[in-house]
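Protein chains: 2
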Amino acid sequence: MASGRVIGVDLGGTKLLAGTVDSSLHVHHRAHRPAGVSSLAELLDTIVDAVREAREAGGGDVDAVGFGIPSLIDQERGVAVSTVHLPIRDLPFRDLMAERLGLPVFVDNDATAAMLAEWRFGAATDCTDALLLTIGTGIGGGMVAGGALLRGAQGAAAEFGHMTIDFDGPLCPCGSHGCLEAFVSGTALAREARALGLELTAAQVAELAHDGHAGARALVTEMGSRLGTGLANLVNAFNPEVIVVGGGVLALGDLLLEPAREEVARRALAPSRDLVRIVPTRFGAESGMLGAAVMAFEGVAA
Amino acid sequence: MASGRVIGVDLGGTKLLAGTVDSSLHVHHRAHRPAGVSSLAELLDTIVDAVREAREAGGGDVDAVGFGIPSLIDQERGVAVSTVHLPIRDLPFRDLMAERLGLPVFVDNDATAAMLAEWRFGAATDCTDALLLTIGTGIGGGMVAGGALLRGAQGAAAEFGHMTIDFDGPLCPCGSHGCLEAFVSGTALAREARALGLELTAAQVAELAHDGHAGARALVTEMGSRLGTGLANLVNAFNPEVIVVGGGVLALGDLLLEPAREEVARRALAPSRDLVRIVPTRFGAESGMLGAAVMAFEGVAA
Numbered sequence: 001m002a003s004g005r006v007i008g009v010d011l012g013g014t015k016l017l018a019g020t021v022d023s024s025l026h027v028h029h030r031a032h033r034p035a036g037v038s039s040l041a042e043l044l045d046t047i048v049d050a051v052r053e054a055r056e057a058g059g060g061d062v063d064a065v066g067f068g069i070p071s072l073i074d075q076e077r078g079v080a081v082s083t084v085h086l087p088i089r090d091l092p093f094r095d096l097m098a099e100r101l102g103l104p105v106f107v108d109n110d111a112t113a114a115m116l117a118e119w120r121f122g123a124a125t126d127c128t129d130a131l132l133l134t135i136g137t138g139i140g141g142g143m144v145a146g147g148a149l150l151r152g153a154q155g156a157a158a159e160f161g162h163m164t165i166d167f168d169g170p171l172c173p174c175g176s177h178g179c180l181e182a183f184v185s186g187t188a189l190a191r192e193a194r195a196l197g198l199e200l201t202a203a204q205v206a207e208l209a210h211d212g213h214a215g216a217r218a219l220v221t222e223m224g225s226r227l228g229t230g231l232a233n234l235v236n237a238f239n240p241e242v243i244v245v246g247g248g249v250l251a252l253g254d255l256l257l258e259p260a261r262e263e264v265a266r267r268a269l270a271p272s273r274d275l276v277r278i279v280p281t282r283f284g285a286e287s288g289m290l291g292a293a294v295m296a297f298e299g300v301a302a
Numbered sequence: 001m002a003s004g005r006v007i008g009v010d011l012g013g014t015k016l017l018a019g020t021v022d023s024s025l026h027v028h029h030r031a032h033r034p035a036g037v038s039s040l041a042e043l044l045d046t047i048v049d050a051v052r053e054a055r056e057a058g059g060g061d062v063d064a065v066g067f068g069i070p071s072l073i074d075q076e077r078g079v080a081v082s083t084v085h086l087p088i089r090d091l092p093f094r095d096l097m098a099e100r101l102g103l104p105v106f107v108d109n110d111a112t113a114a115m116l117a118e119w120r121f122g123a124a125t126d127c128t129d130a131l132l133l134t135i136g137t138g139i140g141g142g143m144v145a146g147g148a149l150l151r152g153a154q155g156a157a158a159e160f161g162h163m164t165i166d167f168d169g170p171l172c173p174c175g176s177h178g179c180l181e182a183f184v185s186g187t188a189l190a191r192e193a194r195a196l197g198l199e200l201t202a203a204q205v206a207e208l209a210h211d212g213h214a215g216a217r218a219l220v221t222e223m224g225s226r227l228g229t230g231l232a233n234l235v236n237a238f239n240p241e242v243i244v245v246g247g248g249v250l251a252l253g254d255l256l257l258e259p260a261r262e263e264v265a266r267r268a269l270a271p272s273r274d275l276v277r278i279v280p281t282r283f284g285a286e287s288g289m290l291g292a293a294v295m296a297f298e299g300v301a302a
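Chains A and P, in that order, are what the protein sequence lines are. When the letters of the first sequence are read in order and numbered with my numbering, they come out as residues 1 to 302. When the letters of the second sequence are read in order and numbered with my numbering, they come out as residues 1 to 302.
No lab work stands behind these hints: they were computed from the structure. Keep in mind that a hint or two might mislead.
[What the hints assert, rightly or not] Footprint (simulated), chain A over chain P, 3 or more residues, beta carbon under 8 Å:
#, segment
1, 114 to 120
2, 162 to 168
3, 239 to 246
Keep in mind that this is a model prediction, so the values were computed, not measured. Just so it is clear, CB atoms sit at the ideal spot from N, CA and C, and this is done for glycine as well.
Chain A extracted, bound-state conformation (with noise of 0.2 Å):
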């Protein structure tokens, strides 16, 4: 019989979420881990006691569990197929958990699942063109358009940091220049910050910014602008209704998207440029894993 809650697990590079969600969306138990681990059979052993806490602390009958990873998901395999930070690419994660959990598994790209958390209950809902972007150290999409999750023809669709808005911009770490996420990131800007002078974490910089230091709002200011030129292509291209921001940049708030916003209202075109609406995250850090989660609930369902 359903029980009527999942697991939802957002698997970052650094850390681990693990939340037991019922159907509401309403949080029961958080397990946190960090991630940053050294070997597979360590992350994966990890990954298990998490899902035991949650699962056990949420009173121990769960239906499924569902997984956002930042990686590239072969769907048909339930495969990690491209992933930088976490030492699971080939691996048959979906299986491999399936089997050490006992229960169904289900997978996807974290972006995808933070896309479908804020679709189904957050910022998007009731929109049948949504795009998402989450922009920490670098930038994650996913997207919904004609009433559908989109994830391209293999899966790799929505990788809105890797394009190209100054096509003889600064070197970006995927071999192309002037890459949307060499403008805008967590890493950006603490790298503007030094070449001011300033040597800062992106949430110094942050800080000092809402604490109106001019050259951390000019900063900030510029970032948002070259975050609007991006959005502004994907306005044209997509004509959503909203573009929702998530990520460790929503620390600066409207100090990044309201220029972000005068961007788009430049550069993008009619009637695109007045529908689409650029907002937050619902769900902020948690995202990814209620996407998981929603996943998880979706997939028993199906």
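On the provided structure of chain A, position chain P as indicated by the hints.
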């Protein structure tokens, strides 16, 4: 009783093509007209006359008429919302034409129509994820994702020509800077030739390039690279199986497409860049007309 034939009309800014088409996409008659007319009444008469010619020459009996129009189309009302080149803005085009022609009428954007023809019968057959760019004076776009033709929330999606690839780049007529269209179009090619002291049309530059003229070749190669930058953005965003390129620039053939493919290989991410094929339209200058016919077939069948 259904005749099994429809008329597809590609209504461009300067000319009109109406074709009588059967369900295997064989064209039984083509009626050509100039469309660069002065008044609305004259344009409507021209359309009605071309459709009459196509209808009579094709044997008289047709089931419906489809129109591809270079405009944002309000699908609910069958109205051309934003056309620049034709005096039919905000006109109830579909209903008006249905009344004058005495036939069911279907209307869509011309690039969306071309995408439909290429998807059902052409270069994107059997694809679930495909894009089309028609590059002439400007750039039109169409898209299929997740196995469906997509238009965005207001029918305004796939404006790939106004994707910023150089945020401090040249002013585009749309008001933004560094749009793909400002680098890649017949207009851009003629402008760049002029900057080299060559007073030539885009077609003449194409001819020189095919003849091996070094200056013309260099211009076309550079334009191909810029096109590839834009296509790489689309490859990363959509992960399509194929990108179909049509429009006047097809006269350049692989002189344009080969540098574009090379730039995609340099800029786009694996595995998307390895999957995508960048190919010319199958139906060339008739993609729009044939797509309008497919639209009419699918409209009467729905």
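Now for the hints, and whether the structure bears them out:
With 0 residues carrying a beta carbon less than 8 Å from a beta carbon of chain A, the segment 114 to 120 of chain P misses the three-residue requirement, and the given coverage is violated. A stretch counts as covered by a chain when three or more of its residues have a beta carbon under 8 Å from one of that chain; for the segment 162 to 168 of chain P and chain A the count is 7, and the coverage holds. Under the rule that three or more residues need a Cβ within less than 8 Å of chain A, the assignment of the segment 239 to 246 of chain P holds, with 3 such residues.
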